[in-house]
Structure formats: structure tokens, C-alpha cells
Amino acid sequence: MKQKLTKWRLLTVFGLLALVLSGCGEPFLSTLRPAGEAGQIAYDLMILSTVIMVGVVIVVSIMFAVAVIKFRRKKGDDSIPKQVEGSHTLEIVWTVIPILLLIILAIPTVIATFDLADTKAMDKKNEDGTTDALVVNVRASLYWWEFEYPNQGIVTSQDLVVPTDQKVYFNVKASDVKHSFWIPAAGGKIDTNVENVNKIWLEFDNEKASEAGNIFYGKCAELCGPSHALMDFKVKAIPQDEFDQWVTAMKSTKESTPTDPEAAAGQEIFKQKCLSCHAVTAADERPEQARLAPNLANFGDRELVAGILEHNEEEVKNWLEDPEKYKPGNKMTGTYGELSDQELDQLAAYLMGLKVEQ
Numbered sequence: 001m002k003q004k005l006t007k008w009r010l011l012t013v014f015g016l017l018a019l020v021l022s023g024c025g026e027p028f029l030s031t032l033r034p035a036g037e038a039g040q041i042a043y044d045l046m047i048l049s050t051v052i053m054v055g056v057v058i059v060v061s062i063m064f065a066v067a068v069i070k071f072r073r074k075k076g077d078d079s080i081p082k083q084v085e086g087s088h089t090l091e092i093v094w095t096v097i098p099i100l101l102l103i104i105l106a107i108p109t110v111i112a113t114f115d116l117a118d119t120k121a122m123d124k125k126n127e128d129g130t131t132d133a134l135v136v137n138v139r140a141s142l143y144w145w146e147f148e149y150p151n152q153g154i155v156t157s158q159d160l161v162v163p164t165d166q167k168v169y170f171n172v173k174a175s176d177v178k179h180s181f182w183i184p185a186a187g188g189k190i191d192t193n194v195e196n197v198n199k200i201w202l203e204f205d206n207e208k209a210s211e212a213g214n215i216f217y218g219k220c221a222e223l224c225g226p227s228h229a230l231m232d233f234k235v236k237a238i239p240q241d242e243f244d245q246w247v248t249a250m251k252s253t254k255e256s257t258p259t260d261p262e263a264a265a266g267q268e269i270f271k272q273k274c275l276s277c278h279a280v281t282a283a284d285e286r287p288e289q290a291r292l293a294p295n296l297a298n299f300g301d302r303e304l305v306a307g308i309l310e311h312n313e314e315e316v317k318n319w320l321e322d323p324e325k326y327k328p329g330n331k332m333t334g335t336y337g338e339l340s341d342q343e344l345d346q347l348a349a350y351l352m353g354l355k356v357e358q
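Counting from 1, one number per residue, gives the positions in the sequence shown under the UniProt record's numbering.
Hints in this document: simulated from the structure, not taken from any laboratory. Careful: at least some of the hints might be erroneous.
[As the list claims (entries may be wrong)] The following label-pair restraints were derived from C-beta to C-beta distances:
no., residue 1, residue 2, range
1, V13, T113, 21 to 31 Å
2, S61, V20, 35 to 45 Å
3, V57, P328, 18 to 28 Å
4, V13, I52, 32 to 42 Å
5, P328, T50, 34 to 44 Å
6, T50, L223, 53 to 63 Å
7, P328, L11, 45 to 55 Å
From the three backbone atoms N, C-alpha and C, an ideal C-beta is built for every residue, glycine too.
Please work from the sequences and hints to get the whole structure.
Next up, the structure:
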């Protein structure tokens, strides 16, 4: 008996702990705080379906309770209740009501499905091959993200930068295994496949972006390997004029020798050990098959190192020293050999100096 009570106490404690912890987390990481039109549509559908389901559960529970209380066997009463073989009225009621509820749920769902799948704007090309709509080509790899802006002619990785208050269209695909592109606050969640390109649009509300510090969180939502849970990226949602400034700065990135001797020495190490996979200019004209690792043109401006570590030189050195420790199964492990402490310092200084935003 005591063992059973102990188990129930533990279950209660863990239940309460789970309830408390469910309210923890980073701002605007949840689908319950939509930050744009697509996210709001999904949120409204979720609320509608939840209200319908909860309503059905409440009605059925009340009917069950009434039946149990009203028709329970009473002491000393051995009579058999009146037997009801069937009721056309009741059968019609409990058939029609679910049909009506399904219709109420189906109509906005179908409308929203077609609305969210409308990506015709990204197919309307001008004479020079560009589009009036902002298009981003998303490529998922183990365990990092690449974002190519074909109209602007720039490539970046890990940090997706988008303007607020306008639809942004995405072509999503994978380079190795199936992944899933998901920005919870913005909506979406769509598979990135190797064999085909999927399309989706998202929009970021400027006011909500300001509340979130202009940073949202993106994740891989498809189990893809041992570091699936660490395959994150950040989204910078900024006003159009700031986005235009960022594009201009990215276009102007070029490989130049740093003035700091430590960083200059790091650049030489980078050329010997890293340049075959990583690019340091955003105007990367190589085909995507040749882009084997994240573009580092704006590495110094990023929010995190490898998408998971704090953005400072110490964490850069930790990552360079042992990538496998932080992201098991990543393709960078063992590709450039061991680095001395001095080489780590120099390489970290060079990487942190790769900035486009002053």
C-alpha cells in the first residue's frame, strides 16, 4: 500500500513539474505566440479545433454523468429498467451534429490550406529572371542550414535575415537526408527532401518582431540523425530599410587581409585548412553541390556558434577543437586535423572579425 502511495506521489510531483516547465522557454519559440499571418492562420485553426473537441468532451461527459446518476441501481430495487431498442430521433441527432461540426472545421481548414499553399508570386519572373517577391532558397544539411537569396545574389548560413510586414517565399530542399524547415512563431513546418523542392511562404509582423528583439527561432522538425535536436537556426526579422542595408553590406563582402596580426595569421590557417569547404564572401557563385559547409561571410555577426553555443571566441575555439563533442555525427569532425592552442586563438580571432554589420 505504501509503495502505491509513493508511486502516486512521484507521479503527482512529476506532473506538476512538467506543467510548470511547459511555461518555460525562449520568447517567440512557440506556435502559441504567432508572429505573422501564416502563424496566425494556423493558430486560429488550432483554437477552433480545440474548442470543438473540448465542447464534445464536455457534452459527452455530462451525458455520461447524468446517465450514471439517474439510472444507477438503487438499494432494494431489483426491477429491470425500461428497455429502449432504438430511437430514430436520437440517432439522427448524434449523426447530424458530428457532421455539422466537421463542416464547421473543414471549411476554414480548406480555405487556409489553399491560402498557405499559394506561392504563385514566386513563379512570376521578370525579363532578367528575378522576381518581385522576395525568394529564399533553403538548403538543409547535416546539421546546418543554408539560405540563398537568388534575386540579391547572396548566400548565408545559420542566420536567416528577412524583412517584416511582407510575404517571404521559400524553396526548401535537403542535400543529404530528409529534414523539416520550421519557424514555430511564423508557422510553416514543411519537409525538405532530397528529390524535390517544396514551397512555402511566411510573414513576420514588425510589431511582434520588435517585441521579440527581432529574433525568432527555427528548427529541424524531422528526425535526421544524432544531432537532430541541435539543428537550429536564428531568424532576424527587420524593417525593409534595414534589410536593404544588410543586403548591400553582404554584396560588398570580399576577402581582405585583417589588420590585426593575430587574425591575419588565422586567415592563413583558414586558407590551408578550411577554405576548401567554407566561403567567406556572400556573393558565392558556386553551384550548391560545391557548397559543402556553411558560408562564413558574416560569421562575426551571428547570434550563436554552430547554432547552439554562445557567440564568443572561447566557444569558437571549443567548437574548432572538438566539433563532435557538441554535434555528434557532423561532417566537420576530423576534416582538418588537430590545431594547437595558438592556432585556435588565431583562427578564432579571424572568424570573429568576419562582419558585415558595424
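| Broken hints, numbered, in rising order? | Structure breaks hints 1, 2, 3, 6, 7.
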